[in-house]
Amino acid sequence: MAAIETFYDVIRRQGVTRRSFTKFCSLTAASLGLGQTAATQMAQALETKPRIPVIWMHGLECTCCSESFIRSAHPLAKDVVLSMISLDYDDTIMAAAGHQAEAILEETKEKYKGKYILAVEGNPPLNEGGMFCIDGGKPFVEKLKWMAEDAMAIIAWGACASWGCVQAAKPNPTQATPIDKVIKDKPIIKVPGCPPIAEVMTGVVTYVTTFGRLPELDRQGRPKMFYSQRIHDKCYRRPHFDAGQFVEEWDDEAARKGHCLYKMGCKGPTTYNACSTVRWNGGVSFPIQSGHGCIGCSEEDFWDKGSFYDRLTKINQFGIEHNADEVGLAAAAVVGGAVAVHAGVTAVKRITTKHEG
Amino acid sequence: MTEATQIHGVLDAHGEKAAELQSVYVYEAPVRLWHWINAAAIIVLATTGYFIASPLPSTPGEASSQFLMGYIRFAHFSAGYVLAVALLLRIYWAFVGNEHAKQIFYLPVWDRQWLSGVLYEAGWYAFLVKRPKKYIGHNPLGHLVMHLFMLNLAFLVVTGFALYSEGAGRDSWQYKLFGWVFAIWPNSQDVHTWHHLAMWGVVLFVIIHIYTAVREDIVSRQSLISSMISGERVFRDEADK
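Chains as they are written, first to last, in our numbering: chain A, 1 to 357; chain B, 358 to 598.
Keep in mind the hints are simulated off the structure, nothing from the lab.
Do not take every clue at face value.
[Unchecked claim] Calculated from the model, a selection of chain B residues having no Cβ within reach of chain A, i.e. all distances over 12 Å:
1) ALA386
2) MET503
3) ALA511
[Said to hold, decoys possible] Listed next, with one range per pair, are the computed distances between beta-carbon atoms:
4) LEU390/B / GLU253/A: 44 to 52 Å
5) PRO414/B / GLN44/A: 57 to 65 Å
6) ALA386/B / ALA333/A: 33 to 41 Å
7) THR346/A / PHE462/B: 24 to 32 Å
8) GLU128/A / PHE512/B: 35 to 43 Å
9) ILE70/A / TRP542/B: 29 to 37 Å
10) GLY526/B / LYS49/A: 32 to 40 Å
[Said to hold, decoys possible] Just a few of them, taken from the derived set where beta-carbon distance is under 7 Å, the chain B residues facing chain A:
11) ALA410
12) ALA420
13) LEU425
14) MET426
15) GLY427
16) ASN544
17) GLN546
18) TRP557
19) VAL560
20) LEU561
21) ILE564
Note that CB positions come from ideal geometry on N, CA and C, so glycine has one too.
Throw the hints in and build the complete structure from the sequences for me.
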């Protein structure tokens, strides 16, 4: 290979017109919430910077992240990222298989040492030496560590890779573990959700590959551009919340009118994601718009936080299953009862000792 | 802290000596003021907080003409600010106030006398000890409970501001100061639950606090209730020193 291959070279070779290319840049820049000049910057980066390959690996997961990703609403974003630019390896959707496929990993690791992006969908189970997820004859955890060694950065796709998700739900028999608890020495970007929104995924990949660095992350390692606000903050039903108008039953008048689902256990107030702004399936709808509360799928351990339909979280310590009010009321009743008994004993004592004296 | 200063008895119009009462100035004005502001804020916070977690029945009509949940939340946040500012002033007063103003902020676990005092008071409440000891400030057991309450209060302030920062935004000073709470509990659902449980902790404290204050006032013959108004602790039993 003589000259350095850029994204633009590959895109043009694939038959994408210059017009489509600039369109993609402006669309992506807009979806990332970047300024007006960003589209030009993006185009320039794609034209001049060497191509950054993306290796997409699958651990313990359900492939819903991939399903979401390939349905990205900006068709070009999907095409460009998926089939043209960068995705050098993705065992579920690539043409190559077996040794031929595995050879790509070795090649990328060597040729792009410290320069490729490792995108991980799902997580490694650590129990029994990682035997609960075998990939290419080896435990997935070994493959993950091996490919992470020379990666520039890691993208943790979905709730699985970010937090653990359903396979890590109690009692987590396989000891499924999120990526950041296994790989400690690489920058990791978490893109939680079950699955994450397609536009969020393509946006993140495009940002990382074009600018060669991670976008600004919040305390939890999530890209600020998509995860800095709660569903609740931008929910179109928010006025009903502030007014105190709630759906009380699934089939009541308020449900038909589209009032707030807070009392039905909607997790919008505790969930950071872009659903209420970006929405799903090309901006068609999102759970709350369809009349169902948010289940908080992009939040840590959302499977272990009680029912999706409870407002107050059930507390499962000491073999009990009650919410904070039930626990508090029971404790208040015990203490109140003890106080009453204590007061009674005190009164009796006073009377009897006075008699003595 | 077990000493009490003596106020000599005075003679009344008939030349009869009035009962001699020992009284000590314990709670300075800022401490008393803080106590009652704190109590009022807690009543507002616990009530509104309960209705934030379990809202009232839905309001009728258009959303544009109602703001019930908004007002409840506003009251909660305002009372929260009042409580937090009062707490800061109270901490300031622990530095500049008298010795009793500092008491609830630390536990003298290195003090053997204090430790045995805790056991003694526990015995008094278990009806094992016949006569209570008299203390000018909090008795050791009360001191312990009061300190736990202050920790609970601090926990409520910290988690409260962390939850408030979710609405105030990632660039808010609330998030900069208290966002670390979400490093401990990444899912804010947990922070809500802990905040809620801590509220019940305050309810338990209030039950015990009011009961023991009334009880001690009567049984141990030392003023507690009026002390938080006048600041004076009066020992009504002269014989028992």
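Structure-based check of each hint:
1. For ALA386/B, the non-interface assignment is confirmed: its Cβ lies about 30 Å from the closest Cβ of chain A, beyond the 12 Å cut-off.
2. Every CB of chain A lies more than 12 Å from the CB of MET503/B, the least distance being 16 Å, so the non-interface label holds.
3. Once the 12 Å rule is applied to beta carbons, ALA511/B is consistent with being away from chain A; the minimum gap is 19 Å.
4. Range check, LEU390/B to GLU253/A: about 49 Å between beta-carbon atoms, so the 44 to 52 Å window is met.
5. Checked against the hint of 57 to 65 Å, the C-beta distance between PRO414/B and GLN44/A comes to roughly 59 Å, which is consistent with it.
6. At roughly 37 Å, the beta carbons of ALA386/B and ALA333/A sit within the given window of 33 to 41 Å.
7. Checked against the hint of 24 to 32 Å, the pair THR346/A and PHE462/B passes, with Cβ atoms roughly 30 Å apart.
8. Taking 35 to 43 Å as the suggested C-beta distance range, the pair GLU128/A and PHE512/B conforms, at roughly 40 Å.
9. Restraint check, ILE70/A to TRP542/B: a C-beta distance of roughly 34 Å satisfies the suggested window 29 to 37 Å.
10. Look at GLY526/B against LYS49/A: about 33 Å separates their beta carbons, and that is inside 32 to 40 Å.
11. Contact between ALA410/B and chain A, as hinted, is supported at the beta carbon level, the nearest pair being about 6 Å apart and thus within 7 Å.
12. The restraint placing ALA420/B at the interface with chain A holds, with a minimum CB-CB distance near 4 Å, inside the 7 Å limit.
13. With a cut of 7 Å, the hint placing LEU425/B at the interface with chain A holds, because the nearest CB-to-CB distance is about 3 Å.
14. A hinted interface residue such as MET426/B counts as satisfied when its beta carbon comes closer than 7 Å to some beta carbon of chain A; here the least separation is about 4 Å, so the hint holds.
15. Against a cut-off of 7 Å between C-beta atoms, the interface hint on GLY427/B holds, since the closest Cβ of chain A lies about 4 Å away.
16. Because the closest C-beta pair between ASN544/B and chain A is about 4 Å apart, less than 7 Å, the hint holds.
17. Interface hint at GLN546/B: satisfied, since its Cβ lies 4 Å from the closest Cβ of chain A, which is below the 7 Å cut-off.
18. Interface hint status for TRP557/B: upheld, as the beta-carbon distance to the closest one in chain A is roughly 3 Å, under 7 Å.
19. Because the smallest distance between the Cβ of VAL560/B and any Cβ of chain A comes to about 5 Å, under 7 Å, the interface hint for this residue holds.
20. Given the 7 Å rule on beta carbons, the hint for LEU561/B holds: about 5 Å separates it from the nearest Cβ of chain A.
21. At about 5 Å, the closest approach between the beta carbon of ILE564/B and any beta carbon in chain A falls short of 7 Å, and the interface hint on this residue holds.
Hint compliance for this structure: no hint is broken.
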